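As a plain string of letters, each chain reads:
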Amino acid sequence: MKPLLTIENLHASIGDKEILRGIDLEIKAGEIHAIMGPNGSGKSTLSAVLAGRETFTVTEGSVTYDEHDLLALTPEERAWAGIFLGFQYPVEIPGVTNVNFMKAAVNEQRKQRGLEPLGAAQFLKLMREKMAYVEMDNSFSGRGVNVGFSGGEKKRNEIFQMAMLEPRLAILDETDSGLDVDALRIVASGVNKLKRPDNAFIVITHYQRLLDYIVPDVIHVLYKGRIIKTAGKELALEIEQKGYDWLIHESE
Amino acid sequence: MKANNLIYAPALKQEFRCRVPLKDARQVFLVNGTVQGAGAPLAFRLEEGEQLAQMLQIIAVRSAEGPRDLSFSESFHFSRGSAGRIILCAHTFSLDHFKTVEQTKITLEEGARAEFVVMQNEHNQADHETFYEITLAAGAVLDMVFLSLHGGSIRNHIEARLQGEHAACKLSGLYLTDGDQRMDYDIRLTHEVPDCHSNQIFKGILDDRGRAQFDGLIRVVPDAQKTEAYQANHNLLISDSAKAYTRPQLEIYADDVKCSHGATIGRLNPDELFYMRTRGIPAAEARVLQQMAFCNEVVDKITSPELRERMQVLVEKRLRGEFSRCQNCSKNCC
Chain A
1 MKPLLTIENL HASIGDKEIL RGIDLEIKAG EIHAIMGPNG SGKSTLSAVL
51 AGRETFTVTE GSVTYDEHDL LALTPEERAW AGIFLGFQYP VEIPGVTNVN
101 FMKAAVNEQR KQRGLEPLGA AQFLKLMREK MAYVEMDNSF SGRGVNVGFS
151 GGEKKRNEIF QMAMLEPRLA ILDETDSGLD VDALRIVASG VNKLKRPDNA
201 FIVITHYQRL LDYIVPDVIH VLYKGRIIKT AGKELALEIE QKGYDWLIHE
251 SE
Chain B
253 MKANNLIYAP ALKQEFRCRV PLKDARQVFL VNGTVQGAGA PLAFRLEEGE
303 QLAQMLQIIA VRSAEGPRDL SFSESFHFSR GSAGRIILCA HTFSLDHFKT
353 VEQTKITLEE GARAEFVVMQ NEHNQADHET FYEITLAAGA VLDMVFLSLH
403 GGSIRNHIEA RLQGEHAACK LSGLYLTDGD QRMDYDIRLT HEVPDCHSNQ
453 IFKGILDDRG RAQFDGLIRV VPDAQKTEAY QANHNLLISD SAKAYTRPQL
503 EIYADDVKCS HGATIGRLNP DELFYMRTRG IPAAEARVLQ QMAFCNEVVD
553 KITSPELRER MQVLVEKRLR GEFSRCQNCS KNCC
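Same order as they appear, the protein sequences are chains A and B.
To convert, note that position 73 of the first sequence is 73 in my numbering; the numbers rise steadily by one, no gaps.
Add 252 to a position in the second sequence, counting from 1, and you land on the number used in my numbering.
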């Protein structure tokens, strides 16, 4: 089977500061990859580059997604191709309601796939169904996107959006940060419900805690813009006990 | 003229009539400054305690049969304890070069309540200057929403005076310019007595070489204690060559008041834009959503749901670059 995503020797900078310094990664459909690493190692940059954030410049390397050059696509084209980024800090959009936001997103993606837009009733039914995935109250529909949401509500809203859009590759950037145990369980069970043999997840996290709920196939440790270690799920426990220092020493 | 005498004018060309008038409104046409059918300036009056159940939509049009330069006046008098809702739409009937000077007197006696929606939807050759003279007596409440959607040059001068205690005046406005359009608001609001409340929110989106100037003065005289007066002006620049000038001013001569003002000139938030694009919303559509959100703070002040929805449609079409005519009409009125 061909990989869904292949990253080769990826270098990216912001201004003249190089943050990603040669990333190689291969993800197949049906897999969950966790990316861990200390602060400032480039985890969020990697997710932003994959989603098409223009503040970063790719200086070297390639990213192939579903046999296409991902880096040639705009952020919206990547979304249409099935890529989803769950933000570490979801953006508040005052004045745009959750329901209008999702309607615009879902129907645009349907249009790009040659499908008819959903009617109002169908759409609201779908919203209700997916909100239940993350135990979100229906009253969130009419509120401004993420406006006045607590940290946990924002993260649940990310998972809700992911459930609505059914991506083939979801990148979750520290979705667990700022969550209490209950919210963590809700978010994780949302992800587990959406896992299918034909999609894949990249889960970026600081803590082993999340990986108790979302069990990864592979764990990568990112340090100074490079992957310094790739191993099975047991690596998370080792990191929890010993920290990152031993891995950093090992790699140097 | 009594409100009851203002009726839907049937003599007007078919194409110009709203095919679907607002359910809850009666219409009167003002052609080149005079009431159609009556030939006289508009002098609207509600008697003491009179409650106008339906909205009154005044459709003021300029037509090529009239003079190029026109100056006219109109008045709205709300007697003690009366209440009414007015929609004032300014349109042009042809694309000729028009220059219009309009003087509007709005008087609210004690305890009167009035809602106004002023919609200015003209064309690039139209030059429209308005002078609003507003007075509020004790306990009177005025809620006024201006929507300057289209026009070569629109200059609105608003002079509001709160003359009786516990009067409340809300002024909101939205202005949208593109091409070489220019829209100015010049507001002087005076608290002449204690215990009054005023609130102003004016927002503008400027594209191409569009320009806007906002001058807003809140004046609180020495004895007007316990005044509450707020003013905000926010501008969004869409292009590099659009320009907004804003001059919020407070002149306070009383010492026990709550007053604030704020003004901003900014651009669309790039984080919001990226967030929407990652969900598959194309950049151009995301920008329209952002601009609609910006406008809605003003459009939402319209209390009639039906009118508010129509105005949302007009504003959205305007932002999408379509000439903002609503689907109900072959002309630009609503």
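Read the hints as simulated data drawn from the structure, not as lab findings.
Keep in mind it's a predicted model, so treat the numbers as computed, not measured.
Please note: incorrect hints may appear among the correct ones.
To be verified - Derived pair list, reagent style DMTMM-like, types lysine to aspartate or glutamate, alpha-carbon separation capped at 20 Å:
(1) LYS154/A to ASP523/B
(2) LYS510/B to GLU537/B
(3) LYS229/A to ASP69/A
(4) LYS2/A to ASP137/A
(5) LYS103/A to ASP379/B
(6) LYS422/B to ASP438/B
(7) LYS495/B to ASP379/B
(8) LYS103/A to ASP137/A
(9) LYS111/A to GLU537/B
(10) LYS2/A to ASP69/A
(11) LYS195/A to GLU166/A
(12) LYS103/A to GLU561/B
(13) LYS103/A to GLU568/B
As the list claims (entries may be wrong) - Across the chosen pairs, the derived CB separations fall in these ranges:
(14) ARG519/B to ARG128/A: 32 to 42 Å
(15) LYS28/A to THR555/B: 50 to 60 Å
(16) ALA132/A to GLY514/B: 51 to 61 Å
(17) ALA132/A to ILE504/B: 36 to 46 Å
(18) ALA132/A to GLY289/B: 23 to 33 Å
(19) ILE504/B to ILE14/A: 43 to 53 Å
(20) GLY243/A to GLU561/B: 53 to 63 Å
(21) LEU115/A to ALA292/B: 57 to 67 Å
(22) THR555/B to SER62/A: 35 to 45 Å
(23) ARG110/A to ASP508/B: 26 to 36 Å
(24) GLN377/B to GLN112/A: 47 to 57 Å
(25) SER325/B to GLN122/A: 52 to 62 Å
(26) ILE14/A to SER493/B: 24 to 34 Å
Just so it is clear, CB atoms sit at the ideal spot from N, CA and C, and this is done for glycine as well.
Okay, ALA132/A versus ILE504/B on CB: inside 36 to 46 Å? Violated: the Cβ-Cβ distance is about 54 Å, outside 36 to 46 Å.
**OP:** Starting from the range 43 to 53 Å, see whether the pair ILE504/B and ILE14/A falls in it by beta-carbon distance.
**Re:** holds, 47 Å
Kindly confirm whether 53 to 63 Å is satisfied by the beta carbon distance between GLY243/A and GLU561/B. holds, 58 Å
Checklist line | Pair hint outcome, LYS422/B versus ASP438/B [Cα-Cα no greater than 20 Å] | finding: holds, 15 Å
Consistency of beta-carbon spacing, GLY289/B to ALA132/A, with hint 23 to 33 Å: Violated, at about 60 Å.
Look at the Cβ atoms of ARG519/B and ARG128/A and judge whether their distance stays inside 32 to 42 Å. holds, 36 Å
message = Hinted pair, alpha-carbon criterion (20 Å max): LYS495/B, ASP379/B. Please report holds or violated.
response = Holds, at about 19 Å.
Below or equal to 20 Å on CA atoms is what counts here, so check LYS103/A against GLU568/B. Within the cut-off at roughly 16 Å; holds.
Do the alpha carbons of LYS103/A and ASP137/A lie within 20 Å of each other, as the hint requires? holds, 18 Å
Holds or violated: LYS154/A and ASP523/B, Cα atoms, limit 20 Å. holds, 15 Å
### Message
Would the hint linking LYS229/A and ASP69/A be met if the CA-CA limit is 20 Å?
### Response
With Cα atoms ~26 Å apart, LYS229/A and ASP69/A exceed 20 Å; violated.
| message | Can you confirm whether the C-alpha distance between LYS2/A and ASP137/A stays at or below 20 Å? | response | The hint is violated at about 40 Å.
Hints 2, 3, 4, 5, 16, 17, 18, 22, 23, 24 from the earlier list are contradicted by this structure; the remaining hints agree with it.
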